[in-house]
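Chemist: Sequence:
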Amino acid sequence: MKLPAPREQLAGCVWLPRILAKARLLNAGELAPDYAARFGHASGVDGQFLAFFELTADEVRAVAAAGGDDETVAAWFAVRTQAARTSEWNRVAVNLGRAGFPMAERLPVALATTYAHLNGRGLETVFAVLEADEAL
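Sequence positions in the sequence shown follow numbering that gives the first Met the number 0 and run 0 to 135.
By construction, these hints were calculated from the structure, which means they are not laboratory data.
Keep in mind that the hints are not guaranteed to be accurate.
Unchecked claim - The calculated label-pair distances, taken between Cβ atoms and stated as ranges, are: (1) Glu29 to Gln81: 31 to 39 Å; (2) Thr113 to Lys1: 14 to 22 Å; (3) Gly67 to Leu135: 16 to 24 Å.
For each residue, glycine too, the CB sits at the ideal point set by N, CA and C.
Whole structure, please, built from the sequences with the hints as guidance.
Modeler: Listed below in structure tokens is the structure:
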């Protein structure tokens, strides 16, 4: 299963291509079980994204299920938010896990457990951890 990188953008928004791809795979019954179990969970990046944009996992799944291409989803997303809000998300998202940003308390736990194979590499953000893990 290959997902878009965390920093990839759709409608100028990081993470949107990734959560959309996960929703499409989940709807098709093809999302890996560990990803499916955490889809939209408040403690992960999906949850941060959904809360920031006041969306629900069900809304994203419904948009994915509607069968539209990425441009259709981009248009849907653009109607729901303002460019300044998306820019703020992009600033926060690339810093998730860093001191002073959301998920700062969770990143050390993730590096000690789920991503123990990456511990000690000086990874300071959730995006850096995901990118390093998926590069293996």
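Chemist: Now tell me, hint by hint, if it's right for this structure.
Modeler: Here is what the structure says about each hint:
1. Glu29 to Gln81: 31 to 39 Å: 33 Å, holds
2. Thr113 to Lys1: 14 to 22 Å: With Cβ atoms ~19 Å apart, the hint holds.
3. Gly67 to Leu135: 16 to 24 Å: 33 Å, violated
Hint 3 alone, counting from the list given before, is not met by this structure.
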